[in-house]
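Place chain B with the ligands on chain A using the hints.
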Amino acid sequence: MSKASKIPVLEVKNLVKKFKDFTAVDDISFDVKEGEILGFLGPNGAGKSTTINCILGVIEPDDGKIKMFAKDISQNRSEIMKKVNYCSAEYNVAWNLKVYEALFFYCCLYEVENANARIERILDQMEANEFKNKFLRDLSFGQRARISLCKSLLNDPKLLLLDEPMASMDPDMVDKGIRLLKRIQKENKISILYTSHNMWEIEQIADKVVFVNNGKIAAQGTPLDLTRRHFLADTDEPNLREVFIKLSRSEDEHI
Amino acid sequence: MNISRIYAIVLRHFFLAIHQFERITDIFLFPVLALVLWGFLSSFVQFQTPSLANFLLGGMILWVIFERVGSNVGVDFMFDVWERNLMNVLASPIKLPEYITGLVIVSLLKVLISFLAMWFVATVFFGFAINLYGISLAAFWVNLVFFAVVLGIFNVSIVMRFGNTIGPLTWILPFAIQPFAAVFYPVAVLPIFIQKIVWFLPISHVFEGMRFTFTTGRFQSLEFLAALGLNLVYFVIVIGFFTYIFNLVKRKGSLAKL
Ligand SMILES: Nc1ncnc2c1ncn2[C@@H]1O[C@H](COP(=O)(O)OP(=O)(O)O)[C@@H](O)[C@H]1O
Ligand SMILES: [Mg+2]
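As you go down the protein sequences, you meet chains A and B in turn.
Each residue of the first sequence is one higher than the one before, starting from 1 at the first, in UniProt numbering.
Each residue of the second sequence is one higher than the one before, starting from 1 at the first, in UniProt numbering.
Bear in mind the hints are in silico, worked out from the structure with no lab data behind them.
Think of the CB as a built atom: it goes at the ideal place given N, C-alpha and C, for glycine as much as any other residue.
In the BS3-like style, the derived pairs of lysine-lysine whose C-alpha atoms are separated by at most 25 Å in a straight line are:
| # | chain 1 | residue 1 | chain 2 | residue 2 |
| --- | --- | --- | --- | --- |
| 1 | B | K250 | A | K13 |
| 2 | A | K6 | A | K67 |
| 3 | A | K67 | B | K250 |
Listed next, with one range per pair, are the computed distances between beta-carbon atoms:
| # | chain 1 | residue 1 | chain 2 | residue 2 | range |
| --- | --- | --- | --- | --- | --- |
| 4 | A | F141 | B | K257 | 15 to 25 Å |
| 5 | A | T23 | B | F235 | 35 to 45 Å |
| 6 | A | V16 | B | I239 | 28 to 38 Å |
| 7 | A | K216 | B | F14 | 44 to 54 Å |
| 8 | B | P186 | A | S140 | 52 to 62 Å |
One side of the interface only, derived from the structure: several residues of chain A facing chain B at Cβ under 7 Å:
| # | residue |
| --- | --- |
| 9 | F19 |
| 10 | V58 |
| 11 | A94 |
| 12 | N96 |
| 13 | L97 |
Next comes chain A alone, as it looks inside the complex (with noise of 0.2 Å):
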């Protein structure tokens, strides 16, 4: 592929955070190309959020550089920020606003012009357009992690960073989603750090993996290539569960 000559949309370079004496990221490193999805796979408390908080610059890292279209986010972030979106399942939109209002709301943040159309076409593409007159309190988990990943794509954005953006939902909506990325993704050559515990959603939207854990990068490549490096040296399919349980154990192991 003709991917390593493009330029990073994000770089991670040497990212340290500690809480107190406990390091949750320890010397990660790693780029987004454009148009390259970045699957960041690892267990809970791995530090894929801390990470991506780093990245919003929401905490603040002991140490390391993070540029995003070759700036320094400490410099430049609310201009950078126009071009970037982000979306947890963790987090809501304003619970007690319409779905309509909450997302015109960020549509102003983001000063997305034609914002109306911008709604509907967004809403219509994820079918959540039946809940645009509705309150998100009402709206049930999984549906409001939809209007969540509906905000992230309002401002078209060229970089998304998505932390679990799907935990909740059910799995014909994942696969929805997932479809939708990818082409979101392919018609607006948008670069998505895609972060999961799910093995399956990342070989499904995966170009290149990077699996941490306890805060450092254990392995990355390709989903076939992290499988047939620590799985079955000669497979055709990506199997990510299999090559996630072996690296996730293996430090315990060693204990």
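What follows is chain B with the ligands alone, placed relative to chain A:
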């Protein structure tokens, strides 16, 4: 500062207000009920000392304005925490000064509505003429609101640090200041040592200065300058405090956990 992003914050709270009955009662009902109580009290007092009546009612209205702005900035911030909406806001291009400015504008708009409602009830139902003394009192009003904004930013800082559990403090704080603010009586009635502490409160200079104008019709520039000077000092301090807290919670990682 980006107007669209500030507008977004105002809009978000407008949507919140139109859907939530308690938000509306907060804007209308609470101030009007307070006014009704003080309106009757003032009517009663008017038999003995007419000047005192006007003065009580005026003080009460100004107090409500201070108390509302002072606590509302923090409460509106808490809504983003309660609704788990804060992370998505912080992940946007918004800058903190824009966010805070938006919250302050929301509080000012709300208090303007509260004021109009109180003013209406005071003039129409109680027949009190709220004497504004033109520009000289406006100068004090600005200082009153200025100090309320300082208090509001302080409240946002402590909520950011300690989470919503600290919430009640943001309601109590203005009332903790009230006895020393000399809203309804001159600073001179306070014990000497408290008078010294009270000197450091911009709001007590505001009320002293306004009382002077009420009784003499003249402008007390010394009180005005003291209020303004103290406000500017506290504003710088509270911005420093806010920045310190923001950096602290980013280091601790607790901002993402709010
Ligand atoms: N603010 C914090 N203070 C202390 N420890 C934290 C904080 N945030 C995360 N951690 C710890 O850091 C580790 C990594 O967390 P996180 O990045 O959320 O993991 P995940 O990979 O599941 O997203 C966990 O053990 C978690 O308990
Ligand atoms: Mg996580």
